[in-house]
Amino acid sequence: MVEEKIIEILAEYKGCPITEINIENSFEELGLDSLDTVEIVMSLEEAFNIELEITGELKTIKDVAAAITKLI
Amino acid sequence: MSIKITGTGSALPSLSKTNDQISQLLDTSHEWIFSRTGIGSRHFCEEGLSKLATRAGSKALADANCSPADIDYLLCATFSNEYATPSLACLVQQELGATCPSLDLNAACTGFIYGLEIATALLASGRAKRVLLIAAEAMSHLVDWTKRDISVLFGDGAGAVVLERGEDLLALTTSAIGNAAPLYAKNPQGNCPYLTQNEDDCYMHMDGKEIYKFAVTAMVQDILQVLAIAKITPEAVDYVLPHQANMRILEAAAKRLPIPEEKFLNNMQSKGNTSAASIPILLDEACSAGLIKAGQLLVMSAFGAGLTTGACVIKWSKNNIKSEN
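Keeping their order, the protein sequence lines are chains A and B.
Under the working numbering, think of the first position of the first sequence as 1, with each following residue one higher.
Under the working numbering, think of the first position of the second sequence as 73, with each following residue one higher.
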């Protein structure tokens, strides 16, 4: 559920089909730089109504999903 | 009581370096810098900040058809004056040949908006009839030029306005959330033999991700708030003059606001982030280019170290028939 929502938000941000995004992907592999990551984190915070600390640990979609799951 | 802007001016140093030129010194590239910031080149102040600030101030005075003797308060928004004391305002006062009280204020990149607020109070109280507000920064002196991620962002410049009583300023908001950690620049620590100095910590520090998030959130909140205070609908806004920190911040804020992105003016491509000076430089350029006309509604919004934020709505009343200065 969390992973699906993240993929949906990422696909919308990148303007690509959700099938092009895999939960094992890192943001770097998806062609996203550090400021894109912040933008996506802000969208996720709005979507899940949480506050997510942006750390170097959040490299892949899986990492982000795990961090969000802890908060909701 | 409100105020009106009766003159604008700006000054940029002649020395300018492109991303390609900087890439010869640092391990970076035009593509890397431009895609993350929207900045292509920036200026470097060799002449001394007070001379640059004085040039901007003189142009604003000329545009307002008045002389240094006509100003009765001089405010400078800056945190990069080459002297800890005297203030930049006192140095500019001397160079202009003015005689009025002169004072610096430091609200980092929000300095121009805070300056408008202080000037409004001075004019409202009757303490001053005409205020010269100059925002001037030599940011290149504060950043570590061995760090590619921060040094490329900033530039030097000065912008100025002459302010008098009037009806232009419809609403203004400022805020501060004291927190040095995400963005700071320390003063020299001296050489007191009884104290330890940390020489590694003498340049500007910025947590880019935190500041990006803060900046986007602050711009959106402040602009909506100031429009609500002024009872202006977003559709009625002619131009937004945002602090020129980073194109990506500007785009992200525009996306979240009910104001089309093309109404957000920008000039960071050739100037970088000139801190407090960015909005008055942008304003003066827009006036000179004939973009801004009497009757238009302008929104200004800034954010910076402090953390400080500020925004205002101005109904422009000046006729900008201005010769190239």
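It is possible that part of the hints are untrue.
For lysine-lysine, the following BS3-like pairs were computed, each having C-alpha atoms within a straight-line distance of at most 25 Å [said to hold, decoys possible]: (1) B:K281 to A:K14; (2) B:K365 to A:K62; (3) A:K5 to B:K281; (4) B:K365 to A:K59; (5) B:K365 to B:K387; (6) B:K89 to B:K201; (7) B:K387 to A:K59; (8) B:K281 to A:K70; (9) A:K5 to B:K365; (10) A:K14 to B:K387; (11) B:K281 to B:K327.
Pair ranges (Cβ atoms, derived) [unchecked claim]: (12) B:G367 to A:P17: 40 to 50 Å; (13) B:D92 to A:K59: 42 to 52 Å; (14) A:K14 to B:Y266: 49 to 59 Å; (15) B:T218 to A:S34: 15 to 25 Å; (16) A:E20 to B:E333: 36 to 46 Å.
It should be emphasised that the hints constitute simulated quantities derived from the structure, not laboratory data.
Glycine is no exception: its CB is placed at the ideal position from the N, C-alpha and C atoms.
Quick rundown of the hints versus the structure:
no.	hint	in the structure
1	B:K281 to A:K14	19 Å, holds
2	B:K365 to A:K62	52 Å, violated
3	A:K5 to B:K281	23 Å, holds
4	B:K365 to A:K59	48 Å, violated
5	B:K365 to B:K387	10 Å, holds
6	B:K89 to B:K201	40 Å, violated
7	B:K387 to A:K59	46 Å, violated
8	B:K281 to A:K70	22 Å, holds
9	A:K5 to B:K365	46 Å, violated
10	A:K14 to B:K387	38 Å, violated
11	B:K281 to B:K327	18 Å, holds
12	B:G367 to A:P17: 40 to 50 Å	47 Å, holds
13	B:D92 to A:K59: 42 to 52 Å	31 Å, violated
14	A:K14 to B:Y266: 49 to 59 Å	57 Å, holds
15	B:T218 to A:S34: 15 to 25 Å	20 Å, holds
16	A:E20 to B:E333: 36 to 46 Å	26 Å, violated
Consistency note: the structure conflicts with the earlier hints numbered 2, 4, 6, 7, 9, 10, 13, 16.
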